[in-house]
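Colleague: Here is how the chains run, residue by residue.
Number of protein chains: 2
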Amino acid sequence: MELLKQKIRTAGVVLSDQVLKVDTFLNHQIDPLLMHQIGQEFARRFRDAGVTRILTLESSGIAPAVMAGLELGVPVVFARKHRSLILKDDLLTAQVYSFTKQVESTIAVAARYLSPSDRVLVIDDFLANGQAAKGLVSIIQQAGASVAGLGIVIEKSFQPGRAELEGMGLRIESLARIQSLEGGQVTFID
Amino acid sequence: MELLKQKIRTAGVVLSDQVLKVDTFLNHQIDPLLMHQIGQEFARRFRDAGVTRILTLESSGIAPAVMAGLELGVPVVFARKHRSLILKDDLLTAQVYSFTKQVESTIAVAARYLSPSDRVLVIDDFLANGQAAKGLVSIIQQAGASVAGLGIVIEKSFQPGRAELEGMGLRIESLARIQSLEGGQVTFID
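Going down the list, the sequences are from chains A and B. Residue 166 in the numbering used here sits at position 166 of the first sequence; the count goes up by one each step and never skips. Residue 107 in the numbering used here sits at position 107 of the second sequence; the count goes up by one each step and never skips.
Here chain A stands alone, though its shape is the one from the complex (with noise of 0.2 angstroms):
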């Protein structure tokens, strides 16, 4: 996707070899019209893959999400990282390791909201070591419900994520696949 190439190019900052920080239109300020063109890429790419539900991850997953959501007309779910009072349902968990925040975390899901006739689209901010996308995906399998596919924004490629998901037989399309950050660059897969 062009639009997001180019806003990572100008908007991205290299931090390391291994992060890429886009504070400014997606991890912590939102840019909501590209949100609204990654949803619509997102419904394009997907249009015909029989898509009921949408999960995603609190929180920076949500809007890119929500605006997928809006384009392909079906609800979304976001998985909690932290339990609330209120949420005391039968809940389906996964542990979740980030390697960006060096902590291992629950991530739940009300189990109502998953059924075994769903068909259900992950979306994602990033991809990177696939951990979040796999413990998704491990709630989705554990309501007995099918994965359409997974919907990512940005893809560090040079991580192992994608081929081990891809592995599992499952539908990756990444918005933008980074091959590089080496040297403070951002080289892209074409």
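Since the hints were made in silico from the structure, they are not lab data. Among the hints, a few may not be true.
[To be verified] Within a straight-line C-alpha distance of at most 25 angstroms, the following computed SDA-like cross-link-like pairs (lysine to any residue) qualify:
(1) A:Lys134 / B:Glu58
(2) B:Lys5 / A:Glu71
(3) A:Lys21 / B:Lys5
(4) A:Lys7 / B:Thr93
[To be verified] Partial pick of chain A residues on the chain B-facing surface, computed with a CB cut under 8 angstroms:
(5) Pro32
(6) Ser59
(7) Phe78
(8) Glu104
(9) Thr106
(10) Ala110
Note that the coordinates shown come from a computational prediction; the quantities given were computed from them, not determined experimentally. Glycine included, every Cβ here is placed at the ideal spot set by N, Cα and C.
Following the hints, position chain B against chain A.
Modeller: Relative to chain A, chain B alone:
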């Protein structure tokens, strides 16, 4: 906003005289079309308020805030409740006590996303005791920016948040105002 009230009547669950659960369309599962309409309604009410930026709080504020930002054509910033290794900037912070979760947390915004020339619309999912709203207002004031107003999806009008914020001279627009949850019934203020 009549459509929102209908949704609360049909999909909301009254857990006690104090707690309304709206997990099916706002706090865990999200109804993207309703969020879009909520964003349009916020934009209609604040169209002439000179809004340059929207500030909300992760996670449930993000969907309505991004839809309002799309309609008003302004960026959205979400305050974080938990610090990330990647967010090491100069931070503006406030302490927020959650009566629902019975915990105090620090909310934080990177200082560079609010400037003294900003006129900031605060969007949040609920207004009850006003703790989150006051924390967000404090962060805006620390930045030297001005508050355009507060846009709230659901106000529990029997709790003191609105009165305290109005006492600070702030404009509040709540799309559904709940007078009472007594007897398991949602009663709205017209």
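Colleague: Next, verify each hint and record whether it holds.
Modeller: Taking the hints in turn, this is what the structure says about them:
{"no.": "1", "hint": "A:Lys134 / B:Glu58", "verdict": "holds (23 angstroms)"}
{"no.": "2", "hint": "B:Lys5 / A:Glu71", "verdict": "holds (24 angstroms)"}
{"no.": "3", "hint": "A:Lys21 / B:Lys5", "verdict": "violated (39 angstroms)"}
{"no.": "4", "hint": "A:Lys7 / B:Thr93", "verdict": "violated (28 angstroms)"}
{"no.": "5", "hint": "Pro32", "verdict": "holds (4 angstroms)"}
{"no.": "6", "hint": "Ser59", "verdict": "holds (4 angstroms)"}
{"no.": "7", "hint": "Phe78", "verdict": "holds (6 angstroms)"}
{"no.": "8", "hint": "Glu104", "verdict": "violated (14 angstroms)"}
{"no.": "9", "hint": "Thr106", "verdict": "violated (14 angstroms)"}
{"no.": "10", "hint": "Ala110", "verdict": "holds (6 angstroms)"}
Violated hints for the displayed structure, listed by number in ascending order: 3, 4, 8 and 9.
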